[in-house]
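Number of protein chains: 10
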Amino acid sequence: MSTQPSKNLETFPNPNPDRDYVIRMRMPEFTCLCPKTGQPDFATLYLEYVPEALCVELKSLKLYLWSFRNEGAFHEAVTNRILGDLAGLISPRFMRLTADWYVRGGIYTHVVSEHRAPGWQPKFDPPVVLPPARWEGFQGH
Amino acid sequence: MSTQPSKNLETFPNPNPDRDYVIRMRMPEFTCLCPKTGQPDFATLYLEYVPEALCVELKSLKLYLWSFRNEGAFHEAVTNRILGDLAGLISPRFMRLTADWYVRGGIYTHVVSEHRAPGWQPKFDPPVVLPPARWEGFQGH
Amino acid sequence: MSTQPSKNLETFPNPNPDRDYVIRMRMPEFTCLCPKTGQPDFATLYLEYVPEALCVELKSLKLYLWSFRNEGAFHEAVTNRILGDLAGLISPRFMRLTADWYVRGGIYTHVVSEHRAPGWQPKFDPPVVLPPARWEGFQGH
Amino acid sequence: MSTQPSKNLETFPNPNPDRDYVIRMRMPEFTCLCPKTGQPDFATLYLEYVPEALCVELKSLKLYLWSFRNEGAFHEAVTNRILGDLAGLISPRFMRLTADWYVRGGIYTHVVSEHRAPGWQPKFDPPVVLPPARWEGFQGH
Amino acid sequence: MSTQPSKNLETFPNPNPDRDYVIRMRMPEFTCLCPKTGQPDFATLYLEYVPEALCVELKSLKLYLWSFRNEGAFHEAVTNRILGDLAGLISPRFMRLTADWYVRGGIYTHVVSEHRAPGWQPKFDPPVVLPPARWEGFQGH
Amino acid sequence: MSTQPSKNLETFPNPNPDRDYVIRMRMPEFTCLCPKTGQPDFATLYLEYVPEALCVELKSLKLYLWSFRNEGAFHEAVTNRILGDLAGLISPRFMRLTADWYVRGGIYTHVVSEHRAPGWQPKFDPPVVLPPARWEGFQGH
Amino acid sequence: MSTQPSKNLETFPNPNPDRDYVIRMRMPEFTCLCPKTGQPDFATLYLEYVPEALCVELKSLKLYLWSFRNEGAFHEAVTNRILGDLAGLISPRFMRLTADWYVRGGIYTHVVSEHRAPGWQPKFDPPVVLPPARWEGFQGH
Amino acid sequence: MSTQPSKNLETFPNPNPDRDYVIRMRMPEFTCLCPKTGQPDFATLYLEYVPEALCVELKSLKLYLWSFRNEGAFHEAVTNRILGDLAGLISPRFMRLTADWYVRGGIYTHVVSEHRAPGWQPKFDPPVVLPPARWEGFQGH
Amino acid sequence: MSTQPSKNLETFPNPNPDRDYVIRMRMPEFTCLCPKTGQPDFATLYLEYVPEALCVELKSLKLYLWSFRNEGAFHEAVTNRILGDLAGLISPRFMRLTADWYVRGGIYTHVVSEHRAPGWQPKFDPPVVLPPARWEGFQGH
Amino acid sequence: MSTQPSKNLETFPNPNPDRDYVIRMRMPEFTCLCPKTGQPDFATLYLEYVPEALCVELKSLKLYLWSFRNEGAFHEAVTNRILGDLAGLISPRFMRLTADWYVRGGIYTHVVSEHRAPGWQPKFDPPVVLPPARWEGFQGH
Ligand SMILES: [Ca+2]
Ligand SMILES: [Ca+2]
Ligand SMILES: [Ca+2]
Ligand SMILES: [Ca+2]
Ligand SMILES: [Ca+2]
Ligand SMILES: [Ca+2]
Ligand SMILES: [Ca+2]
Ligand SMILES: [Ca+2]
Ligand SMILES: [Ca+2]
Ligand SMILES: [Ca+2]
Ligand SMILES: [Ca+2]
Ligand SMILES: [Ca+2]
Ligand SMILES: [Ca+2]
Ligand SMILES: [Ca+2]
Ligand SMILES: [Ca+2]
Ligand SMILES: [Ca+2]
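Chains as they are written, first to last, in our numbering: chain X, 23 to 163; chain B, 23 to 163; chain U, 23 to 163; chain R, 23 to 163; chain Z, 23 to 163; chain Y, 23 to 163; chain V, 23 to 163; chain E, 23 to 163; chain G, 23 to 163; chain W, 23 to 163.
Just so you know, the hints here were simulated from the structure itself, not pulled from any lab data. Hints may contain errors.
Mimicking DSS-like on lysine-lysine, the simulated pairs with C-alpha atoms at most 25 angstroms apart in a straight line are [stated by the list, open to error]:
{"#": "1", "chain 1": "B", "residue 1": "K29", "chain 2": "B", "residue 2": "K81"}
{"#": "2", "chain 1": "W", "residue 1": "K29", "chain 2": "W", "residue 2": "K81"}
{"#": "3", "chain 1": "V", "residue 1": "K145", "chain 2": "Y", "residue 2": "K145"}
{"#": "4", "chain 1": "U", "residue 1": "K145", "chain 2": "R", "residue 2": "K145"}
{"#": "5", "chain 1": "Z", "residue 1": "K58", "chain 2": "W", "residue 2": "K58"}
Here are the simulated distance ranges between beta carbons [said to hold, decoys possible]:
{"#": "6", "chain 1": "Y", "residue 1": "K58", "chain 2": "R", "residue 2": "G94", "range": "24 to 30 angstroms"}
{"#": "7", "chain 1": "E", "residue 1": "E93", "chain 2": "Z", "residue 2": "G60", "range": "32 to 38 angstroms"}
{"#": "8", "chain 1": "R", "residue 1": "G60", "chain 2": "W", "residue 2": "Q26", "range": "41 to 47 angstroms"}
{"#": "9", "chain 1": "W", "residue 1": "G94", "chain 2": "E", "residue 2": "P57", "range": "49 to 55 angstroms"}
{"#": "10", "chain 1": "G", "residue 1": "G94", "chain 2": "W", "residue 2": "T25", "range": "57 to 63 angstroms"}
{"#": "11", "chain 1": "Y", "residue 1": "E74", "chain 2": "B", "residue 2": "A75", "range": "55 to 61 angstroms"}
{"#": "12", "chain 1": "G", "residue 1": "G60", "chain 2": "W", "residue 2": "K145", "range": "56 to 62 angstroms"}
{"#": "13", "chain 1": "B", "residue 1": "D107", "chain 2": "Z", "residue 2": "E79", "range": "29 to 35 angstroms"}
Reference listing, derived: stretches of chain W covered by chain G, where coverage requires no fewer than 3 residues with Cβ under 8 angstroms from a Cβ of chain G [said to hold, decoys possible]:
{"#": "14", "stretch": "30-37"}
{"#": "15", "stretch": "114-128"}
{"#": "16", "stretch": "134-140"}
Everything numeric in this text was worked out from a predicted model, so none of it was measured. C-beta atoms are modelled at their ideal positions from N, C-alpha and C, and glycine is treated no differently.
I would like the entire structure built from these sequences, with the hints used as guidance.
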């Protein structure tokens, strides 16, 4: 099987669409280029979502992240782009992407962006399944 | 007494059905097989529930988890299946299962799924007894 | 002064009954016996309460915990019994007991049980004084 | 300049009374005496408040804490007394004091007490500026 | 390119104004002078905001922080001033600044201040994207 | 099979007597009584040894530790007694026992005792297999 | 490419045989069966070695570890057997294997075993390249 | 029994004088006065010793530490004085005292002092029983 | 000034050649390609050295590490190559490079390699300035 | 008393010159300027020494560190200069200075430098009082 970087994300059917549940992924191997200087940038990405009909396939997600390796991208824009690509792909009930960027200029930056399906509400109150704002295991680079 | 892997879960009567309380279990010894490749998969499971009339018996739970050792199972499906089996067994007021899967393809995955009895509401407001989204002691494998 | 294990809990008057405040106690020295096998069981107990007219006296609490040393007790039942004894003693506005039991059969178990005075509501909204679900310093045994 | 223990707390004008903001102070150097035995007691205090017209001056706060060094004081009473003194001094919108007492009789005790100005509500919903129940960096003595 | 301390903050257009997302920055290199004694003060600053039309440019932010190096500033006032400058610059939907000041007189101080655009409400309920009160990685100096 | 507390330790043959290797055991469930007051004492024990012809059998070790539950024992004496019993049982090349006793009188106590076979030397220089003075995971009770 | 469990370990030539250097591997996915009861056992393995002419190939090492999944094995024996297999395969200058077994009977066990080539000495004094007795990141299961 | 601060330390016979073993004590409740300013100072003390004929009695040690509460003492001098008192009392084979003083002037200070009996050598080589330079659990105040 | 990836490392004169001192650098932004599969690999590098006449210039080191971004490299070979390049460049008294590679196949790998100038000995005995085998802050990816 | 930055370090007599003991100081408030760019640099300094006849006076040390605030200084040179100044001042038996510099160019740098009095040897063997290479509590900035 060929493994090349690719923007072609793949999906698989959600095996339990009747239930609100969360899939969380920590992805410490993200790198792209700074559009201004061409120098490499690095981040750890944290994806959290409540699937509707589809889930994101793991291997294609890995190749998708790889595809940014030689592309220029601003921190805020690329975090929102990836969230947009993934949410557009699977139309989840809820999705959040957190990018923990390596330090630049002595400043450490996170970008945290969310999507919700229009009109969707967590099934229960309080909606404890919604992930907290912090993933266990945030690393200090 | 015979100890064999088994899907036959056992129960015992909830000693305090008049009260909403939480039982939490951390189970670091879960392993099954990847349905695609046949290779072993590993996870730590975290079970949290508010019992109604019944509780899950500890030893049968251990044998039940063992019974997945030679079965193929996708991450999302098996997490929801175990939640379904346990919730079906004891009809709890609330139940949540978190599976913290070992890293694959450089990506760390959690699956978190919940069940609530229809119409059930926590007795108090705010319902502080409902467990938070993170168990203390999440391990980095 | 005699120091013997004893179920006779003592109290002292709440010095500030006009205020909702929380007393939290971490008690790492609890042990009892398994009713099935007679073998010792161990737990760290975490007590949190908002007192009404009375508070639990520290030394009698220590002797009370000691009194379980040679008694058989199931995890769920004894956690609720202790909560019941303490709540019955001082009729607090709010009380929660968390028992963090040592590992058995490869499974780590917590039992968390709460009591509230009927009709009692936290004075403020949001009621930040109510303790969070996790005590700082949960130990991995 | 004289530095003597003193109950005379001083204040300074809140430089931003138009805004709800939080001042948090960790004070690891508190000691007093047990009224029963005369033996020393120790605690780390955590103060958190939203000021109204006044703030607590740092140096006088230090001397105020020092003034308890040779006084007898019960855990619950002195925590509430200090909260009362500070809240009486500056009439804050919100104030919380947490006392983390050193272990006695094998039991670790916290006392957490709050004050709110009558009728005061956090300006926003949800009121994220209100401090969480746990200060980062709680020490195990 | 000239790099001098400067109060001239710069901005760039928010690439995703249609979405509520959070930018968080940890800035451990802040120092100013105590107005009373002239001695240096140090803090780690944590900035968190939901942008509207504009974002804060990283390099100008660094030079802005540098500009306080030789200025006198009280803890509470300067924290609120920086929040005010940044909020005035970009009119964000939400902004919070936390200053974690180094210990003085044996007391550790945090100042936490927030701004919200008038009438702005988080888009969803519960508004999980709003940052929690604690940044991961608070340092003990 | 009967499980009763017992001083009868059992052994099994060292499967690799030709090699210097270390077996380390952390045993958090030790309790005995204070000979002066009759009150319970608690410790976590850490055993580390290089076996000669025999190893300590796990289940009998557990029952042996249990046998101290109702016996009076001073910290220093019982630590050395257990080391003496275990070393007498299996005549190891090297053995060390560390007892981490729960706090008493505000003071935390460790007792660390070692045995070496007369004339025994580690095979290599430097003898890196000899365990360091600290076991990972020392708990603060 | 076929991936089946296999005892056939593979090697590759050491790219820098002129230098004493250390390769360390943490392998959290080891499981075998208890020879007495047939129940699953789990361990995290830590391998550290100074290669001579050969290194252990990563994928074959993974399949080798997998091959123990359905075999009975005592803790001490299997740790030494794996060390023996690996040392026999590549005749390293130095090799150490640490097995951190999951808790059984309330007792946590490590087995640490070493091999050195006869007559081999570290090139320098002190031989700082020899790994310390503790791998960073020992997990509490 | 009277409990008053006292410089009269008491001893008890070493139950195992034939063996080199270490007693370690962590004492977080030490306070004295600064001789220059009269202000309170605080430290956590760590005592480690290999006893000869005598051991330090725990309760008298606690009262001895209490006796410094109202005395003036410089950091370096008082650490060495306490080491001298304790070593003079029991003539140990080895003794080390570490004082971890609370921050003053933005600077955190440790003082570490040792005593050895003239001519005494650890019995074995390497003398692993001698404590390492760091006690687990050093606190950041 | 141009910033392009480059193998041209630069140096500056050691300002204190009369003294043995250590320079340690943690470099979390290393990435190269797997020679077999072409997929990206990641590592954190830790460099520690005692300079002789020259030191490694920081900015050229950063560009040098960048130069591996699109090159194929095996873990063991590239770690030794970088050590060789740096040691060849500045002929240090001592140098050690540790590469902490991200997990592959469920296995976490470190490679640790050292260089010493022929005949060089640390000036003092014991040579405490030589760095320990572990850098504080090893991350779990 | 005047408090101005000053290179005039002061001393006080070592109260226990007959004993080898260690004074360790953690100083998180160091800042100077980069000689190339004029931009601020930050470091935490760790000083460890065995005094001979003199000790470094705390307040003058603080003012001395302050005196670098507006001076240009390279990392390696200034670390060695401070070590030289302090060692020249008090001629200690042993002194080590560790500077933990804030990240620059994505690289974290430590500089560790030592001084010993000519001919001085630690009094005992092994010389456990010599501090280890790592201070507890190294911060990740
Ligand atoms: Ca980070
Ligand atoms: Ca509500
Ligand atoms: Ca994990
Ligand atoms: Ca636990
Ligand atoms: Ca709401
Ligand atoms: Ca505490
Ligand atoms: Ca802090
Ligand atoms: Ca301890
Ligand atoms: Ca040697
Ligand atoms: Ca372990
Ligand atoms: Ca030797
Ligand atoms: Ca400290
Ligand atoms: Ca030597
Ligand atoms: Ca790692
Ligand atoms: Ca020696
Ligand atoms: Ca650092």
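We went through each hint and held it up to the structure:
no.: 1; hint: B:K29 with B:K81; verdict: holds, 12 angstroms
no.: 2; hint: W:K29 with W:K81; verdict: holds, 12 angstroms
no.: 3; hint: V:K145 with Y:K145; verdict: holds, 18 angstroms
no.: 4; hint: U:K145 with R:K145; verdict: holds, 18 angstroms
no.: 5; hint: Z:K58 with W:K58; verdict: violated, 33 angstroms
no.: 6; hint: Y:K58 with R:G94: 24 to 30 angstroms; verdict: holds, 28 angstroms
no.: 7; hint: E:E93 with Z:G60: 32 to 38 angstroms; verdict: holds, 34 angstroms
no.: 8; hint: R:G60 with W:Q26: 41 to 47 angstroms; verdict: holds, 45 angstroms
no.: 9; hint: W:G94 with E:P57: 49 to 55 angstroms; verdict: violated, 39 angstroms
no.: 10; hint: G:G94 with W:T25: 57 to 63 angstroms; verdict: holds, 59 angstroms
no.: 11; hint: Y:E74 with B:A75: 55 to 61 angstroms; verdict: holds, 56 angstroms
no.: 12; hint: G:G60 with W:K145: 56 to 62 angstroms; verdict: holds, 60 angstroms
no.: 13; hint: B:D107 with Z:E79: 29 to 35 angstroms; verdict: violated, 54 angstroms
no.: 14; hint: 30-37; verdict: violated (count 0)
no.: 15; hint: 114-128; verdict: holds (count 4)
no.: 16; hint: 134-140; verdict: holds (count 5)
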